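Residues per chain, in single letters:
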Amino acid sequence: MKMNAITFLRKSKKVNRSRFGTAFLFIVLLVFASFTAMPLVLMVGNSLKPLNELWIFPPRLFPRSPTFKNYLDMFRIMNESWVPFLRYLWNTVFITAAGTFGHIIFASMCAFPLAKRNFPGKNLIFNTIVLALMFNATVTAAPNYITMSVLHWIDTPLSLIIPSFSAALGLYLMKQFMEQLPDSLLEAARIDGASQWRTFWDIVMPNVKPAWLTLMLLSVQGLWNIGATSYIFSEELKTLSYALSQIMAGGIARAGVGAAVAVFMMLVPVGIFIFSQSNIIRTMASSGMKE
Amino acid sequence: MTGQNGSEKKQKGLRRVWSQHRDDYLFMAPYLILFFIFTIIPVMVSIGLSFTYFNVLELPRFTGLQNYFRLLLDDDIFVLALKNTLLLSVITGPVSFFLCLFLAWLVNEFSSKTRALLTLLFYTPTMAGSAYLIWQIIYSGDSYGFLNGLLMKFNVIYEPIQWLQDPDYMLPSAVVVILWMSLGTSFLAFIAGFQNVDPALYEAGAVDGVKNRWQELWFITLPSMLPQLMFGAVMSITASFGIGDVINGLFGFPSTNYVLHTMVHHLQDYGNIRFEMGYASAIATILFLLMVVTNRFVQRLLKKVGV
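These protein sequence lines map, in sequence, to chains L and F.
When we follow our numbering, the leftmost residue of the first sequence carries the number 1, and every step to the right adds one.
When we follow our numbering, the leftmost residue of the second sequence carries the number 1001, and every step to the right adds one.
Bound conformation, chain F alone (with noise of 0.2 Å):
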């Protein structure tokens, strides 16, 4: 009887709501049904399917974590793209955002007209599309390339360099390419970030004996911009973890010794050539909870700035 009325009273209550805020919905009805096919359900059928055998031919068949294990215990090639996705990430993630937030805090230093100037050179390599393909020609691998022709004019070297097939220089060169394009979305926020901190606490820190212009950054610029740093943090993670492209246009796929194989990489390997959706699923899984679980803790950590 009460469970009766309770839902009675339930569906009352949605009626309620949807007579209320009928127009809300059907604002926001739009967008949110496109988001929901393009980009909720997929990573829900990639969770579901990654424990599936599937190749798009015949129907998903169970099989529980045999493609994680096989994942980790049997696929080298993973193990390696895991390893190299960390190795990128690690080193580009946190070195374009401290660029990000350097590049813009100097930028910021300018008149209005140098400064806009300096934000479209520094941007553009990320509008560019194909642009960074400019970097075959200077890492060409004889001494008619950009950067073996200025080493070898300078005696610097005595021999052309194969920047994109040698093993020991393929890895040094790709993070050069990547943080070159790494001044995107959240260089622009920063920007906006130094323009917007209140005049005043500057002056109020003066008073309280903030001695020189790191002291200004440190105690009252970035505590001030703080919610910029979270989203351009967000940003540079998530471009880490997608690491992919660029190194496919520069170095071919797959690159020499699989040196440069990334989690995207194998995804791509799996997903848009072997048709192996249950074990690709597997890998954009683990790529997908990696992405976010590192996208909190930096969030967790950035709530220190400044103490």
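Chain L with its partners taken away, still in its complex shape (with noise of 0.2 Å):
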């Protein structure tokens, strides 16, 4: 087999592959993680670099004399604040696996009958979360507003975590992958006298572990993100991405803290997304919409 001149690129099965072209397309590609890394590079440096280096000019990417002096400014903050850095961290962990723990419970059991059975209404069940995925939740806002007022759930946690539950595309993602298990398997199980919830328990969730992952890394980013939100008002309920946004808030003398505070946030998803990528890419591969 003739290797490629340039290793990293794959071993080429195609054909038609110009070394000009090659090389255009290297130089744009580049180009664009060039910008996408900038604003992240420059995040980390000035989340190291001390007051003095944040502003001068012209402006520099990488701190000259390295410092951790403002993720020990972001704790002490934190700490001297009327409500401690604990209780927010321990909201939003509360809130993220509760809500995300849930949305791959519920979201599996409704994909189960969705993708293997077959049911009056299943149609019908499956267009409108398909229709769900094509708006916005700002569009249900108000009258959610409305619905957590009626229950007694304004300023609980439980106004974050119960929605978070029936989001559309964990579903929708779920829903699509489960189709792709062979029958057979399921069949089996159905000679062996297992009830539907062993076989959904036993042989389907194991069997879809790539699936969960990835309601698990896009639920994740979406509750660990929340920051203010008009459900929740006591101080001692509110969430750690709020807390920093206080401290991001507090002006160009607290810009390294504020760097400090978003790669501290990034930290969890991006976490997640490293340790699951390739099963994440293998639930997107059966993601495609039929109709």
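A couple of the hints might just be wrong.
[Claimed, not checked] Below, in silico cross-link-like pairs of lysine-lysine (BS3-like), each with a Cα-Cα straight-line distance of 27 Å or less:
| no. | chain 1 | residue 1 | chain 2 | residue 2 |
| --- | --- | --- | --- | --- |
| 1 | F | Lys1153 | F | Lys1211 |
| 2 | F | Lys1010 | L | Lys122 |
| 3 | L | Lys122 | F | Lys1012 |
| 4 | L | Lys290 | L | Lys69 |
| 5 | L | Lys69 | L | Lys122 |
| 6 | L | Lys290 | F | Lys1304 |
| 7 | L | Lys122 | F | Lys1009 |
Just so you know, the hints here were simulated from the structure itself, not pulled from any lab data.
Everything numeric in this text was worked out from a predicted model, so none of it was measured.
Mind docking these for me? Both chains are given alone in their own frames, and the hints should help you get the complex.
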């Protein structure tokens, strides 16, 4: 087999590749990659800069004498606040964990019959879910406020946790992925006399791990970053993202701490993505819309 | 007599369906009940309330189409918001869709490790919650701002530009940030799509006279990942009509001269601040229709790929 000159390019199984085209595309990719990376590098750089390096002319991407002072300041400011840092952290961890867990269970349970069984109303239900992908949650925000107050969920974490259980995108991706499970697998379980619950829990769920990792990422991505909302007004129930945005609002003197905050908040979703990337891509392979 | 028989038959039919599919319905019930409460009912309520005057304290009062007339004829800010929403989505929707597609295609040319690294890089801005606020420092209006500093150092400009406050620059500034954050779910779906094209198709294409990678892309790759394109389009369109928070974070609410005031902002203004729920519902209904109709239209359009 002929090895490619540039080893990090995939050994091409495809035909008709001109060298000029490859070089051109490589340069274009480099431009886009630098554009995407630059703000992120600046953010990490700023979070490591001492105060006297933050506002200099001309500006620099990297710190000359890096320091962790901004990160220490972040924790110091948070601990001096009226509500302790750990409380905000706990609120966010609780909302994220509970919301994500519920979403994965509820969406998987609903996806299973939609993907693998036949019953009246199936198409209507699935088409409605697809329709829900086509509009944004802002449309339902105002009536949902009324619903929350009727349920007496205003100013409780329930107002953030429970609606996240029924996110449409998660159900859609889960159903599309489950459809690819071989029917013989389920047939075997049926012959063994397994109940629907057993089949779901012991056979379907372990086989759709890529899909629930994907739902986990999407759900965490949304819940972890929840900041100020109109549902919660008690300070001791507010989220980490809200508390950290208050630090960022401290103006230019806090620019370094603000960058540290943003880096800190990024770690959780980015960590999950790194850990589950190949599974997520596998799930996305079945994300296609047929009609 | 026959009517009674018919309804009896229907009842029996329902009972049979229930006894055969009880487990299926029970499995779906938890999700569907919540979906009903938090998605279906709000849309219905919104459509209903859009024909009323409702200030949350008193009962809604039916006013017919008055809210819609007021929106379109009396509310200059709404007309501006509608224009801005359409402008932003016409720019960012298609551009982000093609950017996702193009970069996914490029990323896919690399070996798996490089591909994983590039995917992570491009997807990170979507995940990183408030990280877009770093653009405040890039766009900062004095010569210490990153962009101004660079441009002044290389003598492109001689005076700092107010990227976030000067109406001439606000729209391009916003578009850049929105595109930076737009390589989301559709990008991942496209990467998966490119990876799953049957290699035999390429070989067959080469035999049939596909000359270069551009023809290969248009005649082989894109048609075989059409379902992913449909999904990606829905994600891009829905996101582009929902632009709001990013603008709040960078440009403030409301932005200078309402230059970047979108329908989402107008909706938040009337729904969360003024509590004019009837009026807010009319805005929500128009936004809802815009999103759904555009999605349907673009899906029609996409079926023309590869022809």
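Tested hints:
{"no.": "1", "hint": "Lys1153/F with Lys1211/F", "result": "violated, 46 Å"}
{"no.": "2", "hint": "Lys1010/F with Lys122/L", "result": "holds, 19 Å"}
{"no.": "3", "hint": "Lys122/L with Lys1012/F", "result": "holds, 20 Å"}
{"no.": "4", "hint": "Lys290/L with Lys69/L", "result": "violated, 53 Å"}
{"no.": "5", "hint": "Lys69/L with Lys122/L", "result": "violated, 57 Å"}
{"no.": "6", "hint": "Lys290/L with Lys1304/F", "result": "holds, 14 Å"}
{"no.": "7", "hint": "Lys122/L with Lys1009/F", "result": "holds, 22 Å"}
In this structure, the earlier hints numbered 1, 4, 5 are contradicted, and the remaining ones agree with it.
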